[in-house]
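S.K.: Take a look at the letters that make up each chain.
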Amino acid sequence: MKRYIIRRFIFGIIVVGIVSLMIFLATRIGPDPAYMIASPGADEAELNSIRDRFGLNEPLPVQYFIFIKKALQADFGESIYYGLPVAEIVWQRLPATLMLVATAKLISLSFGISAGILAARRRGSMVNNLLRYFSFLGLSMPNFWIAMLFILIFSVKLQVLPTGGYGTFWHLLMPAFSLGWYFSAGYTRITESALLQVLNSEYIKLCRAKGLSEFSVVAKHALKNSLIPVVTLAGMNIVIMVSSAVAIEMVFAWPGLGLLMYHGAIYRDFNVVQAVILFISVSMVFINLAVDILYAYLDPRIRYD
Amino acid sequence: MGSEIWKWIKEIWRRVPKVAVIILLLLIVTAIFADFLALHDPEIGDPRQRLLPPVWEQEGKWTYPLGTDTMGRDVLSRMIYGSRVSLLVAFSAVIIAGCIGTFLGVIAGFFGGWVDQVIMRFTDAWLSIPTVMFGVLMAVILGPGVWNIVIILGGTFWSRYARVVRGETLSLKTRDFVHLAKIAGCGKPRIIWKHILPNVFNSVITLSSLQIGIVIVVEASLTFLGVGVPPPKPAWGLMLSEGRGGLLAGYWWLVVFPGVGIGLLVFSFNVIGDWLRRYLDPFYRNIE
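Order-wise, the sequence lines are chains W and P.
In my numbering, each residue's number is its place in the first sequence (first place is 1) plus 956.
In my numbering, each residue's number is its place in the second sequence (first place is 1) plus 14.
One should not assume that every hint holds.
[Claimed, not checked] Partial selection, computed: residues in chain W whose CB lies under 7 Å from chain P:
no., residue
1, Ile-1036
2, Phe-1100
3, Met-1104
4, Leu-1108
Everything labelled a hint here was simulated from the structure, so no lab data went into it.
Idealized CB from N, CA, C, for every residue including glycine.
Based on the sequences and whatever the hints tell you, model everything.
M.R.: In structure tokens, the structure reads:
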């Protein structure tokens, strides 16, 4: 077990290294970053001073080494656009993103699990098919389009919800629903298949043979075991949610990491972009690592792979 | 011969999800024959016909069935040409991603050892990167353009193929027909080409049909964010971002129709992909 954890941990570090190298190189392969930072028509002296200020004169490996060294101390440099340390801005924007993602998660999980139970209990029925198509609908519509439809219906036509911004519960509803719908489909599918598998197992037959009510069999005995894959998927999805919220945050002017990263990219504020993408990727690596270790702990067979 | 092909088509038609296949075929036909179907130029508008509503509303005109946008361009014609952009980008990106991923996956699975380690760590890294965000960054750096988007999406989405194909190759490698080929004196390239690749093909096709929907949505997102397909090209994502300005003024047709286009296309791919997954390869029932 210990060897397995160490091995996975080293893998995780290597992956973080590759990710950081990619993100670093991405901002260096294009045209000279100094041109993007400088005002249009800047002369050579101005460009040189920018290169000096941002350390762009050093050879690439040295630049990367400095980037990593500083990143390890949570120093991602200064934002050119905001004039503040990047780490501070990311820290400020984090609560809005977490709030949005948590609410979307709650919505998608509660819908997905209940739909999954319904689907598993009534295979091939009308309700089952309707739910399947509802899920497919969520998977098929771009989330920012759902967001705009919500604005059309609830803000323009019915005038009950604000069109954007941040602050109250009412501001949270439309962004969270448009983000959550897509993910509910995955939970529906995985709840359905896991529940079906559990319902066919021996111990459920025993429960039935004991004469337990159908409700007790499903809700008390089967559901608990079939929720493990759902929770895993929910954990692994968190990071994907954060990244796919970019367009939604833009539509609703929601001040989260997505909007921060988007403005950073448009205003060529690459320190901000690097920091946000690196933060999200590293979180992804470590959540996956945690899931792997948890699984190995729960299921000894995995350790000997 | 002809009747046999006909029989084969009929046999397949009996099993496919019909609604999705019909929608997809219609959209492909629309994309191919856009030049004949569109009533107006998709890029040049008529300034006297600005912001006309769809035909069934008051003030709607039959010459502009789905209305016009702020520059007086016909929404229907832009929708028709938009299907071409979406399909072109999606197919090219998925083909690029599929080729890169399959190649790396086969190499990693077949050769094992440190080759496998290196390729799989890169795959892990690519899987951890937030797709949309990295896409925005790359699009800003490479500049706007249809082919830049294709390269970005193809260069991002290969990781899933690599992982699935590697797994398949690992199990194929231990099968008897590969051992026999080795004994018969087949070289490694020949074993890969003749015995491994044909057998991973089904999984690659299944995965592609599931990936293509995501690729379409990501392309639309990047274009919507203003870093993808550049104006004045008729792309659905671009129409949505242009229509967003008229949202509060109530010009709903600028936002609703392009989204319906994306939704229908992705929906049909998702349904077909889901069917393929169950039909072609029972092993991949649990692919997400």
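S.K.: Please go over all the hints and tell whether each is borne out by the structure.
M.R.: Going through the hints against the structure:
1. The restraint placing Ile-1036 of chain W at the interface with chain P is violated, with a minimum CB-CB distance near 14 Å, outside the 7 Å limit.
2. For Phe-1100 of chain W, the shortest C-beta to C-beta distance to chain P is roughly 6 Å, which falls under 7 Å, so the interface hint holds.
3. Checking Met-1104 of chain W against chain P: minimum C-beta separation of about 5 Å stays under 7 Å; hint holds.
4. At about 5 Å, the closest approach between the beta carbon of Leu-1108 of chain W and any beta carbon in chain P falls short of 7 Å, and the interface hint on this residue holds.
Hint compliance for this structure: hint 1 is the single one not met.
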